[in-house]
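Go ahead and model the full structure; you've got the sequences and the hints to work with.
The residues making up each chain are set out below.
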Amino acid sequence: MTALVEPQPVQAEGHGLGPKRVVGGALQPTLDELSRPGRASAMVPHPSSDALERIPASQRRSGGLGLPELNEPEVVRHFVNLSQLNYSIDTGFYPLGSCTMKYNPKINEWAARLPGFAALHPLAPDAAAQGTLELLWELEQWLIEISGMKAVTLQPAAGAQGELTGILMIRAYHLARGDTARTEVIVPDSSHGTNPATASMAGFKTVTVKSTAEGQVDLEALRAALGPQTAAVMLTNPSTLGMFEKQIEQLLDAVHGAGALAYMDGANMNAILGKFRPGEAGFDVMHFNTHKTFSTPHGGGGPGAGPVAVGDKLLPFLPWPRVLRNGEGFRLERAGERPTSIGRVRSYQGSVGVLVRAYAYLLAHGAEGLIEVSEDAVLAANYLRSRLAGTFEMPFAQVSKHEFVASASAIKKRTGVRMLDIAKRLIDYGFHPPTIYFPLTVDECMLVEPTETESVETLDAFAEALISIVAEADSYPQLLHDAPHDSPVRRLDEATAARQPDLRWRPMTGAEPVCPQ
Amino acid sequence: MTYGPHTPADREWMLGALGVDSIDALFADIPVAVRAHGLDVPHGLDELSLSRRLELLAGRNRTDLVSFLGAGAYRHHIPATVDQILSRGEFYTAYTPYQPEISQGTLQTIYEYQSLIAQLTGLDIVSASHYDGAAATAEAALMTVRATRRDRVLVSRAVHRHFVDTTRTYFEGGRLELDELPTLPDGTTDLGALERELADAARPVAGVILGQPNAFGILENMADAARLAHAAGALFVAAVEPVSLAVLAPPADYGADIAVGEGQPLGIPLQYGGPYLGLLCARADLVRQVPGRLVGRTTDVDGRRAFVMTLRAREQDIRRDKAASNICTNQALCALAATVYIATLGPHGLRDVAALGAARAKQLEDALGAVGVSRIHSGPYLNEFAVRVPGARRVHATLVERGFVAGLPLADWYPDDPALEDALLLCATEVTTDDDIARFATALREVTR
Chain Z
783 MTALVEPQPV QAEGHGLGPK RVVGGALQPT LDELSRPGRA SAMVPHPSSD
833 ALERIPASQR RSGGLGLPEL NEPEVVRHFV NLSQLNYSID TGFYPLGSCT
883 MKYNPKINEW AARLPGFAAL HPLAPDAAAQ GTLELLWELE QWLIEISGMK
933 AVTLQPAAGA QGELTGILMI RAYHLARGDT ARTEVIVPDS SHGTNPATAS
983 MAGFKTVTVK STAEGQVDLE ALRAALGPQT AAVMLTNPST LGMFEKQIEQ
1033 LLDAVHGAGA LAYMDGANMN AILGKFRPGE AGFDVMHFNT HKTFSTPHGG
1083 GGPGAGPVAV GDKLLPFLPW PRVLRNGEGF RLERAGERPT SIGRVRSYQG
1133 SVGVLVRAYA YLLAHGAEGL IEVSEDAVLA ANYLRSRLAG TFEMPFAQVS
1183 KHEFVASASA IKKRTGVRML DIAKRLIDYG FHPPTIYFPL TVDECMLVEP
1233 TETESVETLD AFAEALISIV AEADSYPQLL HDAPHDSPVR RLDEATAARQ
1283 PDLRWRPMTG AEPVCPQ
Chain B
-3 MTYGPHTPAD REWMLGALGV DSIDALFADI PVAVRAHGLD VPHGLDELSL
47 SRRLELLAGR NRTDLVSFLG AGAYRHHIPA TVDQILSRGE FYTAYTPYQP
97 EISQGTLQTI YEYQSLIAQL TGLDIVSASH YDGAAATAEA ALMTVRATRR
147 DRVLVSRAVH RHFVDTTRTY FEGGRLELDE LPTLPDGTTD LGALERELAD
197 AARPVAGVIL GQPNAFGILE NMADAARLAH AAGALFVAAV EPVSLAVLAP
247 PADYGADIAV GEGQPLGIPL QYGGPYLGLL CARADLVRQV PGRLVGRTTD
297 VDGRRAFVMT LRAREQDIRR DKAASNICTN QALCALAATV YIATLGPHGL
347 RDVAALGAAR AKQLEDALGA VGVSRIHSGP YLNEFAVRVP GARRVHATLV
397 ERGFVAGLPL ADWYPDDPAL EDALLLCATE VTTDDDIARF ATALREVTR
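As you go down the protein sequences, you meet chains Z and B in turn.
Using my numbering, read the first sequence as starting at 783 and increasing by one per residue.
Using my numbering, read the second sequence as starting at -3 and increasing by one per residue.
Read the hints as simulated data drawn from the structure, not as lab findings.
Don't take each hint at face value.
Derived pair list, reagent style DSSO-like, types lysine-lysine, alpha-carbon separation capped at 30 Å [stated by the list, open to error]:
1. LYS802/Z to LYS1195/Z
2. LYS932/Z to LYS987/Z
3. LYS318/B to LYS987/Z
4. LYS1195/Z to LYS932/Z
5. LYS358/B to LYS992/Z
As the structure is a computational prediction, the values presented were derived from the model and not from experiment.
Structural data, given as C-alpha cells:
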C-alpha cells in the first residue's frame, strides 16, 4: 500500500484532531544511580549510640543496608520527573474497558487525609473509633440499598479478594448443610480471569460455559453444565461484553434449581445503579469494586476495596469482625462472637482509607446523582459506539450498557494492522488505549468504557482519532506497526524481560554508567 | 452533586444521535420484573456540606489519646515528601501499567520498590505488592504448598494473630492443614516442638512460619528454626517488620526462603487498618511460584532502558484457573509510599528510626519497672514487649478515660491462654516522647494501686 500523503508520526503540540503529546519528560536514572555517600536529610533525631547494645549481636544486621543516599530535593525531583512519564485520568481520557476510569474527586482525597481518619490505629478501642465506625456502618447501609442484599462486609481489600470471600462463604454454606458433593464453579467464557482463579483458590474446579452469538450467557449450555456438583455460578452482569443478561431471571432460576448459589461479579455496577438490584433479582452474593464504581483512585494498580454484599443464605458466614450498631454507638464484632463466620480474610477492618473516599462519593451523589451516573455512563458508551460503528465491526446488536466491544477483524484482514497497533497509535493522539484482546471471545477486539465524567467533545475527539487512525492503516500501515512514536519509550522488548528477568538493581560499584543509555 | 459534564443539551444531542427520545430506551434490555426504580438513599450533598459531615465524623475519633499500641501497625513520622508525591495525579489516578510506553513512572517506581525491599530482606524476588501482611502470609503459605507439593504448614502461635487467622481462612478452600507451634516462657517459639512436628513422616511439612520480631515483640532464634525446617525439606518463611530490618539481620542471612510482612510502617498512615502494603519476597529460584505482579527491566525498540510487567504467565488474566493467585488489584500506591519513604530517610535515617524505637521502648520498660510493672517474657525485644498488669482489660479501659491507650490486651488475641490473661502488649517508636512515657507510668501506677 502506498500513501498519497505520508502522515506525520509525531507532533509536539496538537489542537483538536491529530497527534498530541500528553505524556512527556526525560527518562530517569534509578535511585541507586543518583546516590552519593553522605547525602541525607534530617528527618528524625539521632539516637544515642548505645541504643541497640541490648540486642544480641547475633540478631543484629552485620553489614550495611546498601540503600541509596539522597537529599530531599533530589528525592522530590526524581519522583516528580517519574510521574511525568505516566498517563493518568488527571491528564487525559482513559477509556479502559472493564476498569471504569472515571474522574477521582479531590474532596475524597482531602477527606481520607483528615487526621481523625488517617491517624486512627486499627486496634483503637471502639470508644475511640466512633467516627470511623459510624462511617463504615453508614457505607454498609448504602451498599445494602444499592445491591438489594441483606448485609455487607467492607473487609475485602480488592475485587478479587471479595470474590474469594464470596466463594468461601458459598463453600461454607454448602458444607453447613452437609452437602459435600459440590466441587465445581461455573463461569462464562467472557468472565474476568479473577473468577476462575478465585474458584481454584477456594478449592473448586472451574467449568466454562460458552456465550451465544448474541453475546449472552447460553442458557441451554448453563443448564447442561449445572448439576448436584455445582457449588456456584459466577456471572458478571452487565457482562464483560458490556451487555445486560436479558435472560437473567431464567439464568438465576436454573442456578437455584440445581441447588447452586449465584455470585455476581459487580465490576460493571457503574451501568446499573438504581436500575437493577442484584439481591432483589435473586443473586445470593456480589462484590463491588470501589475503585471502579465509586471513584476511589486506582493508584497505578491499587489499592482498591472489594465490599461484598450477601443475602439471607450467606449472612451467617460473613467474615468477622462486622461493624455492629450498639444503641447510639457502634462497635466491632469480637473474636468468636459468631462461630459460623468464615473467619478473617485480611488484617484489621479493611482498606478504610479507600472506604472513606467511597463514602464521600456516595454522599456527594445521593440517589439522583447515582442514577444519573449510570444513565450518563450508558449514554456515553452508546454514543461513542454509534460514532465508531462505521469504522469498526460491532459484533453485538444489543444496546450497550457502560462499555462496548468493537472488533478490528476486518481492518486486520484488509490492512494487516492489528488492534494492538491501533491501540499503540492512540497514544500518539494523546489518548490512553482501551482494553484490548479482552474479552477473549471476540477476535481483535477492544473494550471501550468512556464513563460518565467525559464530555461530548472528548468522546468526539476520541472517535475522530480512531477514524483517522483507521484511515492511516489503509494508507500507511507501517506507521501503526511502529507506533507509538511520541511516547517516553516506544515498544518494549518484553521477551527478553521474561527470558532474562532483571527485577531489581544492585548497589553500584562505581564502574557503571550513571544515566540510562 | 455529580462530576459529569453533560448539560441537558448535551444529553439531548447524544440521544438524538442514537435516534431515541429518552434515556429509558437504553435500559429497556433490563427485564421489567427485575428493573429497579430508584434508590432509597439521601439526597446528594454539595462540597461544603459534604466536608462538614466528614469533619464531624473524623472529629468523633479519639486520635488525641497517648497511644502505646503497635501489634502490627506502627505510628511513625512520615516525611512530608511522601504525601506530596502520592498526591501527584499522574501517580494516583493512573491504572495498572498495562501500556508500558505511557506508564514508565509507575513501572520504574515499582522496580525501585522491588530493589529497595530486596536490599532490606536480602531476597532477590520482591512482589510488586499484596493487600497487607496477613494476605501476604497466606499467599506465602500457599507458595510453600505449591513448591513442595506438600499440604501442611506450621505457624508459630506468636505470629501476628491476623496473619494466622487469614492464612487459616485461605487454607479452608484448598483443604490444607495449618498447625500452630507453642511458645516458651521467654516468648520465643518452642523449637523442640517444631522439631517433633517436622519429624512426623506421615504428615510432611511444606513450610514453617515464624515472626521476627514475633507477636510478643520478642526476637526469635530464626537461624535455628530455618535449619530445622530445611532439614525436613520444608521452606522457611519469616514474617518481618520492615523498619526493624534496618538494624536486625536480614531474612536471607538466617536462611529464610520467603519473607513476608506488613509494609505499613514504611510511610503509610494507620487509617484504622488500611490500605496497607503486603510485602512478599522470595529466593530467586522460587520466582515462578511468586503470586502477583513483577516489574522487570528491559529495553525499547530504540535501545532505551525501560521497565515492564513481566513473567505474566503466573497471573490470573493470562492463566485463569491455573494462575498462582487470583490477585489483580494490588497496593501500588502504598508501595510508592514505601519507596519515597525509604528514599527520603536513606540508610542512616531508617536505622535511626529503628534504633530510636528501641531506645524509647527501653525507656518505657524502665519507667514501668519503676512503678512495679514488669515484662512477661524474658527474651530480647526491639521496640515492643508485653507486661503483666493484674486486671489488664479493666485497667486498659480505665486508662482510655484518662487519655491513654495502654497497648493491646493480649487476651483479645489469646483468649484461652491464662499466662496472657493479664498481659498488655506495649510499643514505642520515635514519635513516643519522654512526657508520654512519664505520664503513662504515673497513670498506670495510679490505676493499679
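Subject >> Straight-line alpha-carbon gap LYS318/B to LYS987/Z, limit 30 Å >> reply: Holds - the C-alpha atoms of LYS987/Z and LYS318/B are around 10 Å apart, at most 30 Å.
**OP:** Take a quick look at whether LYS932/Z and LYS987/Z sit within 30 Å of each other, Cα to Cα.
**Re:** holds (28 Å)
Original post:
Is the Cα-Cα distance between LYS1195/Z and LYS932/Z 30 Å or less?
Top reply: It is violated: about 51 Å lies between the C-alpha atoms, which goes past 30 Å.
Original post:
Does the alpha-carbon distance linking LYS802/Z and LYS1195/Z stay inside the 30 Å limit?
Top reply: holds (28 Å)
Original post:
CA of LYS358/B to CA of LYS992/Z, is that 30 Å or under?
Top reply: violated (64 Å)
In terms of the numbered hints stated before, the structure departs from hints 4 and 5, listed from lowest to highest.
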